[in-house]
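Please model the entire structure based on the sequences and the hints provided.
Protein chains: 2
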Amino acid sequence: MNETRTEISSLGEFGLIEHLTKNIELQNASSIVGVGDDAAVIDHFGKQTVITTDLLVEGVHFDLMYTPLKHLGYKSVIVNLSDIYAMNATPTQIILGLGISNRFSVESMDEFYEGVYAACEKYGVDLVGGDTTSSQEGFIISVTAMGEVTPDKYVKRSTAQKGDLLCVSGDLGAAYLGLLFLEREKKIFMENPQIQPDLENESYVIGRMLKPEARKDIIEFFEKQEIMPSAMMDISDGLSSEILHICKQSNLGCVLYEEKIPVAEETKKAAFKFEIDPTACALSGGEDYELVFTVSQTDFDKLVTNEQISVVGYMTEPEQGATIITKGGSKHALTAQGWNHLKNSTE
Amino acid sequence: MNETRTEISSLGEFGLIEHLTKNIELQNASSIVGVGDDAAVIDHFGKQTVITTDLLVEGVHFDLMYTPLKHLGYKSVIVNLSDIYAMNATPTQIILGLGISNRFSVESMDEFYEGVYAACEKYGVDLVGGDTTSSQEGFIISVTAMGEVTPDKYVKRSTAQKGDLLCVSGDLGAAYLGLLFLEREKKIFMENPQIQPDLENESYVIGRMLKPEARKDIIEFFEKQEIMPSAMMDISDGLSSEILHICKQSNLGCVLYEEKIPVAEETKKAAFKFEIDPTACALSGGEDYELVFTVSQTDFDKLVTNEQISVVGYMTEPEQGATIITKGGSKHALTAQGWNHLKNSTE
Numbered sequence: 029m030n031e032t033r034t035e036i037s038s039l040g041e042f043g044l045i046e047h048l049t050k051n052i053e054l055q056n057a058s059s060i061v062g063v064g065d066d067a068a069v070i071d072h073f074g075k076q077t078v079i080t081t082d083l084l085v086e087g088v089h090f091d092l093m094y095t096p097l098k099h100l101g102y103k104s105v106i107v108n109l110s111d112i113y114a115m116n117a118t119p120t121q122i123i124l125g126l127g128i129s130n131r132f133s134v135e136s137m138d139e140f141y142e143g144v145y146a147a148c149e150k151y152g153v154d155l156v157g158g159d160t161t162s163s164q165e166g167f168i169i170s171v172t173a174m175g176e177v178t179p180d181k182y183v184k185r186s187t188a189q190k191g192d193l194l195c196v197s198g199d200l201g202a203a204y205l206g207l208l209f210l211e212r213e214k215k216i217f218m219e220n221p222q223i224q225p226d227l228e229n230e231s232y233v234i235g236r237m238l239k240p241e242a243r244k245d246i247i248e249f250f251e252k253q254e255i256m257p258s259a260m261m262d263i264s265d266g267l268s269s270e271i272l273h274i275c276k277q278s279n280l281g282c283v284l285y286e287e288k289i290p291v292a293e294e295t296k297k298a299a300f301k302f303e304i305d306p307t308a309c310a311l312s313g314g315e316d317y318e319l320v321f322t323v324s325q326t327d328f329d330k331l332v333t334n335e336q337i338s339v340v341g342y343m344t345e346p347e348q349g350a351t352i353i354t355k356g357g358s359k360h361a362l363t364a365q366g367w368n369h370l371k372n373s374t375e
Numbered sequence: 029m030n031e032t033r034t035e036i037s038s039l040g041e042f043g044l045i046e047h048l049t050k051n052i053e054l055q056n057a058s059s060i061v062g063v064g065d066d067a068a069v070i071d072h073f074g075k076q077t078v079i080t081t082d083l084l085v086e087g088v089h090f091d092l093m094y095t096p097l098k099h100l101g102y103k104s105v106i107v108n109l110s111d112i113y114a115m116n117a118t119p120t121q122i123i124l125g126l127g128i129s130n131r132f133s134v135e136s137m138d139e140f141y142e143g144v145y146a147a148c149e150k151y152g153v154d155l156v157g158g159d160t161t162s163s164q165e166g167f168i169i170s171v172t173a174m175g176e177v178t179p180d181k182y183v184k185r186s187t188a189q190k191g192d193l194l195c196v197s198g199d200l201g202a203a204y205l206g207l208l209f210l211e212r213e214k215k216i217f218m219e220n221p222q223i224q225p226d227l228e229n230e231s232y233v234i235g236r237m238l239k240p241e242a243r244k245d246i247i248e249f250f251e252k253q254e255i256m257p258s259a260m261m262d263i264s265d266g267l268s269s270e271i272l273h274i275c276k277q278s279n280l281g282c283v284l285y286e287e288k289i290p291v292a293e294e295t296k297k298a299a300f301k302f303e304i305d306p307t308a309c310a311l312s313g314g315e316d317y318e319l320v321f322t323v324s325q326t327d328f329d330k331l332v333t334n335e336q337i338s339v340v341g342y343m344t345e346p347e348q349g350a351t352i353i354t355k356g357g358s359k360h361a362l363t364a365q366g367w368n369h370l371k372n373s374t375e
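Line order of the protein sequences matches chains A and B. Its first residue numbered 29, the first sequence is counted upward by one per residue in our numbering. Its first residue numbered 29, the second sequence is counted upward by one per residue in our numbering.
Simulated from the structure, these hints should not be mistaken for laboratory data. A portion of the hints provided could be inaccurate.
Each pair may be met inside one copy or between any two copies, as identical chains are not told apart.
[What the hints assert, rightly or not] Straight-line alpha carbon distances no greater than 27 Å define the calculated BS3-like cross-link-like pairs of lysine-lysine that follow:
no., residue 1, residue 2
1, Lys276, Lys252
2, Lys181, Lys244
3, Lys50, Lys181
4, Lys50, Lys276
5, Lys297, Lys181
6, Lys50, Lys330
7, Lys181, Lys252
8, Lys181, Lys75
Structure (structure tokens):
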């Protein structure tokens with residue numbers, strides 16, 4: 029927080045919008061009309077438009093006690109861009125709906141927008157509109173992202189094929205452990221505000237929680253290598269839950285190898301401190317915003333050139349069910365045990 | 029409310045979505061991929077895409093004590109479609125973000141969706157995606173609407189011309205009076221729950237508040253008559269506020285004639301009961317979801333064929349300012365005195 033506190037009421041509703049959006053420079057030729065009218069106008073020039081939305085509610089999806097507003101602004105954008113990439117599309121615009129209580133100052137909204145603009149700049153996306161309103165208590169964030177895709181090059185969840193390789197990007201489970209550290213330090217602080225947080229050695233997992241990135245690079249790699257995944261989605265609820273979606277919607281089973289699931293060293297160490305199984309964090313932790321996708325076996329040689337991609341299993345007949353083979357060699361049914369109640373819904 | 033109460037937790041997050049969206053039949057050829065993936069895919073076939081969003085928060089934008097959930101679902105869609113029409117575009121898709129506390133049952137969500145689907149059907153719009161999440165207390169509704177427009181036929185707020193006629197659709201001020209009645213009956217009920225609400229004679233103004241419509245017909249009239257408004261916006265905050273936006277963004281002044289402002293007989297009677305000026309309700313009441321627009325004087329003959337359109341003034345040099353000429357003939361500066369604090373923002 030800055031030291032100055034300007035009440036939002038001193039600017040008024042339209043003044044606030046003007047203040048927050050005055051420096052916008054549109055980056056995409058497709059952004060025809062941006063902030064400041066009844067609606068934005070987009071021209072995707074012969075491409076198809078991809079659209080997704082996420083609603084983030086204080087106390088449910090984020091805790092401002094340990095989430096800097098700038099990080100929150102950044103992450104609010106990222107979680108939506110991740111959904112656009114998961115369709116094999118390129119994000120181009122976002123619109124932002126905010127519900128703000130009078131607890132927040134203009135300076136705090138500036139911080140939030142700094143994060144929003146940082147994400148927009150990094151991913152080449154334009155903020156083209158929104159709605160700012162009051163809320164009685166908490167902070168409410170609604171982000172809608174649009175993107176574009178060459179006609180019929182989008183990738184759904186329901187089109188995986190038997191025998192396809194099951195792959196994931198990056199590494200999994202870190203964000204959940206980051207959250208565990210933050211929750212632990214919050215608890216300690218609540219009990220004794222004199223104790224300073226001790227999170228120095230956990231910057232990797234905490235960074236994955238507070239400032240996730242979307243896998244733009246993977247989509248660009250697919251395009252360059254002319255790989256067309258047969259099915260894809262992003263990992264927001266945990267690997268198990270997402271794989272089960274692909275299996276169900278594609279009417280297939282799968283074999284997932286525990287030993288192939290990518291988990292970072294930092295994540296393993298962190299899991300050790302909490303005496304929990306890092307595989308469980310990867311399967312059910314969520315919020316990793318990596319991609320899980322299926323590709324034809326013929327693309328294997330291309331895939332292995334990318335260190336950021338791990339082949340973790342393959343798709344089978346539906347009768348075989350969705351299964352995991354543990355490091356010990358035993359086979360189990362894959363089950364979704366998200367740690368997040370009612371969340372992230374249709375996306 | 030129905031008599032049965034099914035806990036949302038009994039269906040689970042994905043079960044709830046499936047339950048609420050299982051009967052969707054997409055109406056638009058442009059809706060390529062709908063509910064059930066990371067994002068929806070839209071193909072506007074050579075048209076430009078128009079997009080807008082609104083965030084509605086319980087206790088700020090609606091009071092469930094006198095707002096039936098079905099009406100709320102309907103209205104949540106309408107307020108967004110109104111923004112799309114205000115761009116001279118045709119709405120085609122919506123996506124819906126909902127924050128629901130455990131106060132709500134599956135049956136209550138069914139009621140809300142009934143209203144959403146009724147609006148979608150009436151206006152030929154598809155629900156193509158969304159996000160359903162939990163909220164700690166209130167009900168949060170985020171609607172994003174998309175539409176399409178023939179390239180460069182959209183109408184902004186900033187392009188009115190000096191000498192253009194200033195026009196509005198329908199009649200104004202009714203929704204605000206509807207709200208006053210509902211608030212009054214709520215207060216009486218809170219003080220004495222035995223007294224039944226007495227709203228029978230106020231169905232017009234209450235209907236305008238609880239179940240507004242968007243002016244699809246006006247946009248269709250423009251197309252048929254080949255009228256291209258020079259500037260347009262919808263009336264959500266009150267006529268004054270919207271006219272001031274057009275003046276400011278177009279860098280013009282205006283003359284508005286009080287006697288020309290269309291106010292329904294029912295609205296006048298209702299205003300009389302509250303001993304307030306019906307003109308003030310029209311100027312500052314808001315929530316009418318009519319259109320205010322400017323057109324070239326050469327279109328006057330076409331305009332007068334439509335009883336739903338009133339010419340209320342004209343645009344002037346900016347030096348003249350935005351002015352109103354009262355019924356008594358005196359001239360005043362037009363000022364925005366919305367009754368809604370921090371609301372409806374950039375739209």
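Now for the hints, and whether the structure bears them out:
no.	hint	verdict
1	Lys276 / Lys252	neither (30 Å within a copy, 48 Å between copies)
2	Lys181 / Lys244	within (16 Å within a copy, 34 Å between copies)
3	Lys50 / Lys181	between (36 Å within a copy, 26 Å between copies)
4	Lys50 / Lys276	between (46 Å within a copy, 16 Å between copies)
5	Lys297 / Lys181	neither (40 Å within a copy, 59 Å between copies)
6	Lys50 / Lys330	neither (45 Å within a copy, 39 Å between copies)
7	Lys181 / Lys252	within (14 Å within a copy, 37 Å between copies)
8	Lys181 / Lys75	both (10 Å within a copy, 19 Å between copies)
The structure fails to meet hints 1, 5, 6 from the earlier list, while all remaining hints are met.
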